[in-house]
Structures are given as C-alpha cells and as structure tokens.
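Novice: Line by line, the protein sequences are chains A and B.
Using this note's numbering, read the first sequence as starting at 43 and increasing by one per residue.
Using this note's numbering, read the second sequence as starting at 650 and increasing by one per residue.
Just so you know, not all the hints are guaranteed correct.
As the list claims (entries may be wrong) - Okay, derived cross-link-like pairs now, DSBU-like style, lysine-lysine, Cα gap no bigger than 35 angstroms in a straight line: (1) B:K669 - A:K52; (2) A:K52 - B:K660; (3) A:K52 - B:K730; (4) A:K52 - B:K745; (5) B:K702 - B:K660; (6) A:K324 - A:K114; (7) B:K744 - A:K48; (8) A:K48 - B:K669; (9) B:K806 - A:K178; (10) B:K806 - A:K171; (11) B:K707 - A:K52; (12) A:K191 - B:K806; (13) A:K48 - B:K730; (14) B:K673 - A:K52; (15) A:K193 - B:K806; (16) B:K744 - A:K52; (17) A:K48 - B:K660.
Hint data in this document are derived by calculation from the structure and do not stem from the laboratory.
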Amino acid sequence: MVENVKELLKLHEGITHEVYLDNENSCIVPQQVVDAMLPYFNKTAYGNPTLTHKPGWEAFEVIMNSFQKISKYMGAKILEEITFTPSETEANNLAIMGSCFAQKSKGKKIVISEIEPINVLQVAEMMGKYGFSTTKIPVDHEGFINLEKLKEAVDKETILVSISAVNNELGTIQPIKEAVDIVKAQNPQALFHTDVSDAYGRIPLDVQNLKVDLATASSYKIQGPRGIGALYLRDGVNMERILEGQIGTQKLWPGIENTPLIVGFTKASELAFENFESNTTKLRMLRDKLVDGIFSELGDLRFNGPKGDKRSPDNANISILRAEGEALTIELSLKGIYVSSGSACSRRLLQPSHVLIAIGRIFEEAHGSILMKVTRSHTEEDIAYVLSVLPTAVNRIRGIVGSTGVH
Amino acid sequence: MSRIPLPYNPKVMDLFQHPKNLGKMEDATVVAVAGNPACGDMITFYLKIDEAKQVIEKAQFESYGCAANIATSSIVTEMVKCLTLEDAWNNITWKKVTEEIGGLPAVKFHCGVLAVGALKRAIRQYFTQKNVEAPNWLPKENTFEEKQALEEEELAKTLSKRLKPEAEKK
Numbered sequence: 043m044v045e046n047v048k049e050l051l052k053l054h055e056g057i058t059h060e061v062y063l064d065n066e067n068s069c070i071v072p073q074q075v076v077d078a079m080l081p082y083f084n085k086t087a088y089g090n091p092t093l094t095h096k097p098g099w100e101a102f103e104v105i106m107n108s109f110q111k112i113s114k115y116m117g118a119k120i121l122e123e124i125t126f127t128p129s130e131t132e133a134n135n136l137a138i139m140g141s142c143f144a145q146k147s148k149g150k151k152i153v154i155s156e157i158e159p160i161n162v163l164q165v166a167e168m169m170g171k172y173g174f175s176t177t178k179i180p181v182d183h184e185g186f187i188n189l190e191k192l193k194e195a196v197d198k199e200t201i202l203v204s205i206s207a208v209n210n211e212l213g214t215i216q217p218i219k220e221a222v223d224i225v226k227a228q229n230p231q232a233l234f235h236t237d238v239s240d241a242y243g244r245i246p247l248d249v250q251n252l253k254v255d256l257a258t259a260s261s262y263k264i265q266g267p268r269g270i271g272a273l274y275l276r277d278g279v280n281m282e283r284i285l286e287g288q289i290g291t292q293k294l295w296p297g298i299e300n301t302p303l304i305v306g307f308t309k310a311s312e313l314a315f316e317n318f319e320s321n322t323t324k325l326r327m328l329r330d331k332l333v334d335g336i337f338s339e340l341g342d343l344r345f346n347g348p349k350g351d352k353r354s355p356d357n358a359n360i361s362i363l364r365a366e367g368e369a370l371t372i373e374l375s376l377k378g379i380y381v382s383s384g385s386a387c388s389r390r391l392l393q394p395s396h397v398l399i400a401i402g403r404i405f406e407e408a409h410g411s412i413l414m415k416v417t418r419s420h421t422e423e424d425i426a427y428v429l430s431v432l433p434t435a436v437n438r439i440r441g442i443v444g445s446t447g448v449h
Numbered sequence: 650m651s652r653i654p655l656p657y658n659p660k661v662m663d664l665f666q667h668p669k670n671l672g673k674m675e676d677a678t679v680v681a682v683a684g685n686p687a688c689g690d691m692i693t694f695y696l697k698i699d700e701a702k703q704v705i706e707k708a709q710f711e712s713y714g715c716a717a718n719i720a721t722s723s724i725v726t727e728m729v730k731c732l733t734l735e736d737a738w739n740n741i742t743w744k745k746v747t748e749e750i751g752g753l754p755a756v757k758f759h760c761g762v763l764a765v766g767a768l769k770r771a772i773r774q775y776f777t778q779k780n781v782e783a784p785n786w787l788p789k790e791n792t793f794e795e796k797q798a799l800e801e802e803e804l805a806k807t808l809s810k811r812l813k814p815e816a817e818k819k
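Produce the entire structure from the sequences given, and follow the hints as far as they go.
Specialist: Below, the structure is given as structure tokens:
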C-alpha cells in the first residue's frame with residue numbers, strides 16, 4: 043500500500059501549479075501562523091500553565107491571552123466561557139454529551155437538523171444508548187432549516203437543540219437568531235448549541251447577540267493548525283465533563299493545555315478577523331469567479347446551496363452530472379487541483395453525502411458533486427489555473443462515461 | 650465526503666488515465682449494462698463476436714464510476730479478447746480480474762465484480778438475443794458476479810425510494 047502511494051505521488055511530479063481547495067477537510071497553515079507557534083515548542087512558555095515555575099507562568103500568560111482573544115472573536119462575555127478542545131469533533135461531542143448528561147433530569151429529547159456534520163449527527167444518535175431521542179428537522183432545497191418544523195419538534199422535554207450556523211457542505215447561513223427565539227419560546231430551559239466552524243471568520247458572528255448557549259469553533263477551518271478547537275459555553279449553564287484527568291486551566295477539558303496549537307488557532311483567528319471586511323470580500327470575489335467560470339465552461343451542472351448573501355463567502359459546491367466524483371478528484375489531483383467529493387466510496391455504504399440528499403439531490407447528483415472552499419491565501423491566478431484545467435478534466439471523465447446511464 | 654484513502658496501484662492508475670478499448674461500439678453483436686448510477690457505479694459492455702467460431706473478436710466499454718471501476722472494466726475488455734465465449738465464461742472471474750490488475754483496495758473489490766457481471770450478462774444475453782438454446786456450459790443460475798450486479802441494482806431502487814422526490818420549497 044505504501045509502495046502504491048509512492049507511485050501515485052510520482053504521477054504528480056510534473057505539476058506546475060497547485061491549488062488546494064479541500065479546505066473542508068484540512069488546510070494549508072500560513073507561514074505567519076506557523077512562525078507564531080514555533081517559539082512555544084522549545085523557546086518559551088513550554089511549561090504546564092498550572093505549575094509554579096517560570097515556563098509554567100509564561101504558558102499561563104500566553105494561554106490567558108488566547109482565551110481573551112478567542113472569547114472576543116466569538117462574542118463571549120467572559121473568557122471562562124471558552125474551552126479549548128482538540129478539535130471541532132471533541133467540542134461537538136462535549137457540547138452534546140456534556141449538556142445532555144447535565145440536563146437529563148429535565149428531559150431526554152435532542153433536536154438537530156438533517157444536515158448537521160457527522161460529529162453532531164452521530165453523537166446525537168449515539169445518545170440513544172443513554173435513553174435520549176433525537177429529532178431531525180428537515181431543510182429546504184437550499185439547506186435552510188424549516189422553522190415551523192423546529193417549533194413543532196421542541197417541547198417541554200427538549201433539553202438541547204443543535205444547528206450549525208453555516209452548513210459545512212452547502213455554505214447555507216441558517217437563521218440562528220430566529221431559531222433560538224423559537225426554541226426558547228417553546229421551552230426556555232432548552233439549550234441551543236450551534237457549530238460555527240464554517241461561520242467563524244467568514245460571517246459576522248456574536249454568540250451573545252445570537253443568544254445561543256453553546257458554540258463550537260474550529261482552528262483548521264480558518265487556516266489554523268489542526269488539533270485545536272473551542273467550545274463556548276454561556277456562563278451559568280450546567281455542563282458535565284465527558285473525559286476525566288488532570289484539570290488545568292479549564293474545568294471542562296482535562297489534560298495539559300497545548301500552548302503552540304492554542305497560539306496557532308489564536309493567530310489564525312487574528313488574521314481572519316483583523317481585516318474581516320476585506321478578507322470576506324476577497325473570498326466572495328474568488329469564489330464567484332470560480333463558480334461563474336465553471337458554469338460558463340460546462341453544462342449539466344447543479345449549484346448546491348443558496349446563492350448571494352445567505353451563503354458563506356468561501357463555499358462552492360457543484361454537482362457535475364455524468365461524472366463520478368472520486369474519478370474527478372483523482373483526475374484533478376493529477377493536475378494539481380485538490381478538491382473533495384460527496385460521492386459514496388464503498389459498496390456496503392453506498393451512501394453519498396447526507397447533506398445533498400437532504401436538499402433533494404438525487405444520488406447521481408451527489409456522486410458527481412465537488413466541494414471547494416477558497417481562502418484569503420488564494421489568488422486570482424489560482425482560480426484562473428483551476429478554470430484552465432477543470433473543464434478538460436470533467437470532459438475526459440465524461441468521455442469515459444459516454445452513453446452509460448443515459449439510455 | 651470520500652475519506653477512505655485509496656492508494657491505487659500503478660496499473661489501475663495507468664488504465665484510469667489511458668483506458669484501453671474505451672467507447673461505444675457501433676457494430677457490437679451484443680451490449681449489456683450492469684450497475685446503476687445511483688450507486689455511483691455503472692458499466693456498459695460491448696462485445697463483437699465471431700459467430701461462426703463463437704469467439705470474442707473485441708470488447709469495449711463505457712463506465713460511470715470511480716477509477717477502479719474504469720480500470721477493471723478496461724482490463725476485462727483486454728482479458729476476453731480472442732477467447733471463446735465458453736472460455737470467457739469459465740475463466741474470467743472477479744478474483745482473476747483483481748489479480749490481473751495487481752490488486753485493489755478491499756472497498757473496491759466490487760468494481761471488478763461489476764465488470765465481470767457486465768461481461769457475463771453480455772454472454773448470456775447473446776444466446777437470449779439469438780433465441781437459441783443456451784450451451785451446456787452456461788448455467789441457468791446466475792453466477793456470483795451477476796447476482797452481485799443484481800443486488801446492487803436492487804439496492805439502488807431501495808435507496809431511490811427513500812429519497813425525497815423534491816425537498817420542500819421554502
């Protein structure tokens with residue numbers, strides 16, 4: 043298998059231009075962010091922030107500074123409302139499990155949307171083992187949650203509602219504020235959690251303004267290092283730990299704080315928020331150029347998710363009919379363009395993206411989908427390169443398909 | 650999103666990049682289809698048969714599917730060339746195809762199965778189409794590969810039933 047990978051990599055040797063658009067699944071960490079992290083491995087603040095010596099106090103100072111900044115960017119009232127976790131996955135697990143366990147005397151019902159990321163969907167479903175039940179709210183053809191159905195689903199037994207602020211695959215910006223009002227009107231005790239991983243740094247966001255109780259942010263989704271995320275928990279809300287161990291600066295997550303990663307996440311946030319307006323304008327410009335270019339070159343496409351102001355500025359999701367997604371990702375990779383697909387990948391799990399199916403796409407449309415997210419590090423030249431290569435790649439794959447499936 | 654790492658071997662990649670015997674065959678003696686686009690996996694298989702000798706003169710394919718699907722379809726078209734129908738029926742199995750292509754990731758075994766399923770369907774169809782009695786070597790029962798193709802097509806139907814005809818409009 044490793045031999046195969048070596049050969050596969052060799053096939054990429056002649057590549058002249060590379061454009062990484064798979065920012066859904068990982069990212070290129072900008073050098074500025076890497077440079078900000080490096081001193082904390084071995085130059086300063088390498089100590090455990092809860093211990094009584096200089097490297098520990100240095101680490102404490104650095105980490106407190108990060109708590110301060112991340113709480114500001116998320117709109118938290120006090121820095122104690124932020125918990126750093128190893129990623130969005132852990133933050134969502136903590137949010138759902140921790141709040142359900144803490145509220146279980148009040149009820150056993152969870153409400154989520156049909157298009158939540160796997161790390162919300164599967165955690166909520168897993169809670170069935172502990173006697174909790176999960177209701178999934180449907181979405182419309184652009185991925186917007188049905189607020190009527192949300193109202194119907196929430197009752198006195200509901201303890202937690204979890205709906206992402208921006209859907210990770212479609213870029214759909216949900217009406218979170220309205221959703222919170224609806225939920226709280228039905229049951230003031232129900233907690234509202236929102237995964238803001240795809241909203242943080244890309245759309246204006248303020249957890250106090252949204253009046254949510256919990257919110258998850260992710261570092262790599264804003265070009266920070268992987269392995270770090272954050273959970274906002276409104277002051278006063280009851281929560282249980284889901285892991286046990288040495289408690290340091292944060293009572294909800296045991297273990298020694300990872301100073302370099304926390305600093306990387308903070309630096310990446312600074313870079314995203316410092317020039318928020320110009321950053322997001324650039325994202326929108328690059329994304330629109332990419333999408334418009336693809337649509338002007340190719341036919342038989344479906345644009346997945348909403349257009350305009352109700353879509354996150356970085357997200358492009360297109361179903362390419364008469365082409366299978368996995369074949370496309372490989373074909374594009376050989377040309378230096380890296381994207382992901384909603385295609386199903388194994389036989390017994392012939393399940394393509396649950397998000398695309400939830401908005402009413404047929405399986406073929408989901409199998410042929412590609413997801414691309416631009417970052418502020420991309421250039422117009424990058425987009426031009428993608429547009430010079432992608433139509434040829436699609437046409438070659440479509441050529442192999444020929445009349446198959448058409449008749 | 651597709652996340653299982655699939656380190657395809659050089660032969661699979663070569664056939665994916667430069668598929669042999671690709672395209673619609675205008676003068677095909679028989680055409681068979683296996684799979685369903687809903688499963689992300691469908692093959693059209695064309696055979697040109699020398700009817701006097703009962704020999705496959707050439708085979709071509711078209712494929713909607715992943716790199717492994719394209720590569721296994723292509724290699725089957727190579728493997729059956731110049732074989733009698735009987736030899737093709739008896740000797741081409743999904744295991745042989747997987748071997749011939751230098752191995753596949755386990756989650757992609759079904760691609761070879763589907764390619765052979767399409768071939769076997771084409772051979773079976775040849776006799777049905779001619780309306781002649783099937784030879785003794787052709788079993789009435791579906792082979793493993795044909796059953797798997799059927800199963801996948803059935804699954805596609807089940808999956809499609811669960812689909813919303815159209816998500817509600819806002």
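Novice: Against each hint, give a clear statement of whether it holds in the structure.
Specialist: Hint-by-hint comparison with the structure:
The straight-line distance between the Cα atoms of K669 of chain B and K52 of chain A is roughly 22 angstroms, inside the 35 angstroms bound, and the hint therefore holds. The straight-line distance between the Cα atoms of K52 of chain A and K660 of chain B is roughly 13 angstroms, inside the 35 angstroms bound, and the hint therefore holds. The straight-line distance between the Cα atoms of K52 of chain A and K730 of chain B is roughly 31 angstroms, inside the 35 angstroms bound, and the hint therefore holds. With a C-alpha separation of about 27 angstroms, the suggested pair K52 of chain A and K745 of chain B falls inside the 35 angstroms cut-off, and the hint holds.
About 32 angstroms separates the Cα atoms of K702 of chain B and K660 of chain B, which keeps this hinted pair within 35 angstroms; it holds. Of the pairs offered as hints, the one joining K324 of chain A and K114 of chain A holds, with about 23 angstroms between alpha carbons and a cut-off of 35 angstroms not exceeded. A C-alpha spacing of about 25 angstroms is found between K744 of chain B and K48 of chain A, which places the hinted pair at or below 35 angstroms, so the restraint holds. Taking the CA atoms of K48 of chain A and K669 of chain B, the gap is near 24 angstroms; set against the 35 angstroms cutoff, the hint holds.
With a C-alpha separation of about 24 angstroms, the suggested pairing of K806 of chain B with K178 of chain A holds against the 35 angstroms cut-off. Note on K806 of chain B and K171 of chain A: the hinted pairing holds, with a Cα-Cα distance of about 31 angstroms set against a maximum of 35 angstroms. In summary, the hint linking K707 of chain B to K52 of chain A is supported, as the alpha carbons are separated by about 33 angstroms, within the 35 angstroms threshold. In summary, the hint linking K191 of chain A to K806 of chain B is supported, as the alpha carbons are separated by about 29 angstroms, within the 35 angstroms threshold.
Only pairs whose Cα atoms come within 35 angstroms are accepted, and K48 of chain A paired with K730 of chain B is accepted, the gap being roughly 32 angstroms. Distance hint between K673 of chain B and K52 of chain A is fulfilled; the C-alpha atoms sit about 32 angstroms from each other, no more than 35 angstroms. Taking the CA atoms of K193 of chain A and K806 of chain B, the gap is near 34 angstroms; set against the 35 angstroms cutoff, the hint holds. A C-alpha spacing of about 28 angstroms is found between K744 of chain B and K52 of chain A, which places the hinted pair at or below 35 angstroms, so the restraint holds.
Between the alpha carbons of K48 of chain A and K660 of chain B the distance comes to roughly 13 angstroms, so the proposed pair stays at or under 35 angstroms and holds.
This entry satisfies every hint, going by the numbered hints stated previously.
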